Amino acid sequence: MTEKKAVLNVTVAESVAEAVRREAAARNVTISSVVEAALAEQLKWYQIRADGLAAIEEEYRETGYPSAEDVAAARADVEAQMTELSRQLAAEHAGQSDGHEAGAA
Amino acid sequence: MNPVASGPADAPAVVYDSGVLIAISDGNPLAFRRHQGRLVSGYRIMVPAVVAAQVVRNPARQARLMRALRGCDIVPFSALHHVPVGRLLAAAGTADVVDAFVALLATAAQAAIVSTDPHDIGHLLSCLGVRLPVFPM
Numbered sequence: 001m002t003e004k005k006a007v008l009n010v011t012v013a014e015s016v017a018e019a020v021r022r023e024a025a026a027r028n029v030t031i032s033s034v035v036e037a038a039l040a041e042q043l044k045w046y047q048i049r050a051d052g053l054a055a056i057e058e059e060y061r062e063t064g065y066p067s068a069e070d071v072a073a074a075r076a077d078v079e080a081q082m083t084e085l086s087r088q089l090a091a092e093h094a095g096q097s098d099g100h101e102a103g104a105a
Numbered sequence: 001m002n003p004v005a006s007g008p009a010d011a012p013a014v015v016y017d018s019g020v021l022i023a024i025s026d027g028n029p030l031a032f033r034r035h036q037g038r039l040v041s042g043y044r045i046m047v048p049a050v051v052a053a054q055v056v057r058n059p060a061r062q063a064r065l066m067r068a069l070r071g072c073d074i075v076p077f078s079a080l081h082h083v084p085v086g087r088l089l090a091a092a093g094t095a096d097v098v099d100a101f102v103a104l105l106a107t108a109a110q111a112a113i114v115s116t117d118p119h120d121i122g123h124l125l126s127c128l129g130v131r132l133p134v135f136p137m
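Protein chains in written order, with our numbering: chain A, 1 to 105; chain B, 1 to 137.
Rather than coming from a laboratory, the hints here were simulated on the basis of the structure. Remember, predicted model here, so these are calculated numbers, not experimental data. There's no promise every hint is true.
Stretches of chain B that chain A covers, calculated by requiring three or more beta carbons in the stretch to come under 8 Å of a beta carbon on chain A [claimed, not checked]:
no., stretch
1, 27-36
2, 41-54
3, 71-79
4, 125-137
Ideal Cβ positions, reconstructed from N, Cα and C, are used throughout, including at glycine.
So that you can see chain A by itself, here it is in the shape it has in the complex (with noise of 0.2 Å):
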C-alpha cells in the first residue's frame, strides 16, 4: 500500500531549486519526488554514520581505546585523502569543461 504523503515547506538555495527542476524535467518526474528521493538517500546515510560511530565506541569499549595521538594521526591520514579526492574531481571535470570548450571550438 502506498504511504500516505505529507506536506513539507521548506526553503532552499535558488540554485538548489533550479536543479531540482531540471532534474525533474529530465526524468520526466515530480519535484517531491526528487525532493523525497534524495532527502531520503540524505537521511539513510546520516542513520548509517551514528550507527557506524557507535558501533566503534561499543568496540573500543570491549577492547580499549587507542591514544588520542593514534586516533589524530588516523584522522589526518584520512583528511590527506579527502584532499587528494577532492583534487582529483577538480582536475577531471575541469579536463571535461576543456574538452567541451574545445569541441564547441
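Start from chain A and add chain B according to the hints.
What follows is chain B alone, placed relative to chain A:
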C-alpha cells in the same frame, strides 16, 4: 542514467574492497582507526554486498568486522549491474566481477577507492576513462 547508485552529492565517498575488510577483521588497528576517521570526517563509505560476502564467514567471531560494516552503505548487486559489469570486464580483458563492480560503483559515486590491489582497480578505472584516487588500506 548510470545504473549504479551514487548517493548524496555533497558527501565525499569512498568504496572499500575486500582487503580493507580483511584487515579490519584480522584486527589491524590502523585500518579500524582510519575507518573511524572516515566516519568522523563525513565520508560516505560504500561496500558492495559481494565484497562483504568475500570476508564475512562467522559474524559471531568477527565482531570488529561486523561493527565496521554497520557504518557502511552495503550496495547490492542487482539486475541493473550485470551488463555494465560484463562490458567493463570485456573492455579490460579481466574476469573479476567484484573488482569491476567496485570500479563502476566508485565511478558513479565519484568516490575514492580503498584497496589493497591498486593495480587491478586502476586498470579497470582507466578502461572506464576516469581518474579516481585508489588509496592503500
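Which hint numbers does the structure go against, in order from smallest to largest? none
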